[in-house]
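Protein sequence lines, in the order shown, are assigned to chains A and B. Mapping the first sequence onto UniProt numbering, position 274 (from 1) lands on 274, and the numbers just tick up by one. Mapping the second sequence onto UniProt numbering, position 251 (from 1) lands on 251, and the numbers just tick up by one.
Since the hints were made in silico from the structure, they are not lab data. C-beta atoms are modelled at their ideal positions from N, C-alpha and C, and glycine is treated no differently. Check each hint, because a few of them may be wrong.
Beta-carbon label-pair distances, calculated as ranges [as the list claims (entries may be wrong)]:
id : chain 1 : residue 1 : chain 2 : residue 2 : range
1  : B       : S397      : A       : L159      : 31 to 39 Å
2  : B       : K240      : A       : L6        : 32 to 40 Å
3  : A       : E46       : B       : E79       : 37 to 45 Å
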Amino acid sequence: MIRYALKRLWLGAIIISFALMMMFAMVYLIPGDPASVALGPRATPEMKEALRERMGLDQPVWRQFVNFYGSALHGDLGTEVLSDRPVLNVVMEQLPFTLALIIGGITWSVALGIPLGCIAAVRRGGFVDQVIGVLSVAMIAVPSFVVAIYSLLVFAVALQWLPAIGAGDPGNLASQLQHLILPSLAVGLGWIGYISRMVRASMLETLEASHIRTARAFGLPEHRIIYTYALRIAVLPTITLLGVGIGHMLSSSVFAEIVFARPGIGKLVYEAISVRNYPIVSGAVLVTTVFFVLVNVAADILVGLLDPRVRSSFN
Amino acid sequence: MSILTDTRVSRRGLLAGAGAFGLASMVNPKISWSADGPILKVRSYADIQTLDPCFRLAAPEGDITSVIFAGLVVTTPGESWGWRPMAAETITQLDPMTVAFKLRDNIGFTDGYGQMTAEDVKFSIERIADPANKSPYAGDWATLKEVEVKDKLSGIIHLKQAFAPLWTSTLPTPSGTILSKKAITELGGKLGVKPVAQSGPYILKEWLPKQRTVLVRNPDWKYEPGGFAEIHIHPIEDEKTGELGYEAGDLDYTWTAVSSISRLKQTPPPKTKVVEKPSLAFVWLGMNQDVAPFNNPNMRRAVQYAVDRKAVVDAAYFGAAATATGIIAPGLPGHREKNLFDYDPDRARDMIAKEGLAGTTITLDILNKTERLTAAQVVQSNLQDVGLNVEIKQNDSGTFWTLGAKEGDYWKKLQMIISRFSMQPDPSWATAWFTRDQIGVWNWERFSSEEFDKLNAEGMVELDPAKRDVIYKKLQDLMEENGNYVFLTHEVTGVMYRDSVAAGLKPNGEPVFTDFKPA
């Protein structure tokens, strides 16, 4: 198991390196000059040159990459030259907001997706199953930014039940949770559909298994069969799905953070790219890639821990 | 089985749900109060990156520095541009090149940096003007000779030459802000995002990046206090998000999208004032005279005749903005009453036919904003009507603002652009970007006129408004006669705020936070 985890981590390191190389290539291939954008029309050519020098943009791209990567290995992501703040600080103070958004999205998707999938499986072929099927596909099909805009219009503007912008008052958990409801729903809604479809399919397969038939033959109550035996097995693929889903939720968070004017990594990167703020883009991509890789490794390990068959396959 | 399959909603469950929704609706208060008084919640279009007036990057930073650091004078809100003393007890222009000031006796800096003195005024002004500091705002003090300290509170600002924008876009802006010499020196010459030695009517209490900036009344400010105990400034880039935040009750004041103005005026949110203010900014269609086909002056003139400016502006701004007669907005010296060349498609067709340029395809570069795209599409249709094809190329801001730079190669392909510059209330701010030394910097049309450069320099030091009016009108005539420009609009600024707020707005709709008061 440990060997397997180490293998996954090694693969993760390769993914991080590749993602950073891709990011560097893409950001530097698009035209634009961060110094001109940052300093505005009143800056003289000398001032722009000085800023480019401070940002290290006077060096070849490969050297910038090597310098960034070398420093990153020592935990230093450089300094954001406009505000003179360490890039790591800028990124890390935004990360918790995105994590909260993703956890909120997962909560929505798990809390609704698993019961819906169970109900659909138990009522297989019936009216309820069909309704849940239609709802699930609809939730998958609607883009997160559409959910964000319409939920904001309905629940914040028209009904005024929930706040429209921001992340809530610092230190006030109730306010922060209140501000999290709509954005996390926007991020998690599609995954309610995915998870309900996944749980339904797994449940159907599990309910046909011989040990379930045996349990029924022994007269165990149906709810016990479903909760204790079937659901536990049926939910395992959901963990792997969520590992991948977190990556998608990271990208969905960009829309949610912009529409709801929330702080977060997505908005930070979006704004940084639009002004070619390379140190912030690099730092944020590195941190999010590391996070994504770790989540997937953790999901794989968790599946291994929960399922003895997977565990034995490692050995 | 029954637990999972029984999905009926009970009466008790329904009542519980309704109760929960009712409770939720009470959680979002519409009036915010702190322990010390009312809180004003406003939208700003960007977060701060520095609070150093010398190196400010955008207007939202200026809005904040103008209230946490006292300047000699401050812009007054209202319908016309004006100023009033702030840190200065008296300030007088003795002659075109000399300004005498005396500071108020009891303005203190926070963090134990003592009283504001004339030495601080000298330090702050000369710091911006000093070329070694490379401030983007050095031009605001372009003709400064020195600041002479007479005594603890008095001094004289000496200029090398008269400087017309001094009282409009230098002294009342953050370029006239006074910082503590001791504090900035201790910080190594530069202020970051953590303000030290604040001195204005408000002080910055808290900055949460990308979330909000909280200003609170300065307890040591001895003069007219700010109207609100706290001002919460929320950085929201998107105007529509700001509008929705306002309509949801999370904001008390916001700028609106131009496209929303007519809707909001017709059906404003409850208890809301919707205000439309003329903007100083200018939007134009530009043609690069160093690149074919616009190296042909007749082609440039044909485009000037071909564009129906009213149709362009009506479509792009939903009828809320008027067409421009130049780059200098109404109310400023140099504003022209009419254009030299107006919509005449028949004439345009004749000229294009004579030059044998019918069927030519032109690229039009724009910033990827909705109103620019709409404007570009109407231009495309207008030019199609006279036999020219237009390909619209949308660019993000990082790309767009470098298109005409001499450092790159794209200026050799750049044919037409729709661009927009923001402005300060002095005509010199409009014309400064079209001189020959700006070619490849901000003069992307590569308009080149010796006469223009000469007159532009004269306008900067001429103090007589009547003479300046003549100079700046002539400057715009030269731009239009050369054919590089189709002046489109000055846009319009939409603002909405609660009727419980008396908003302190500059004539162009920008906020003066010190002058926001409860109504």
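Handout entry: Numbers of the earlier hints that this structure fails to satisfy, in rising order
Key = 2
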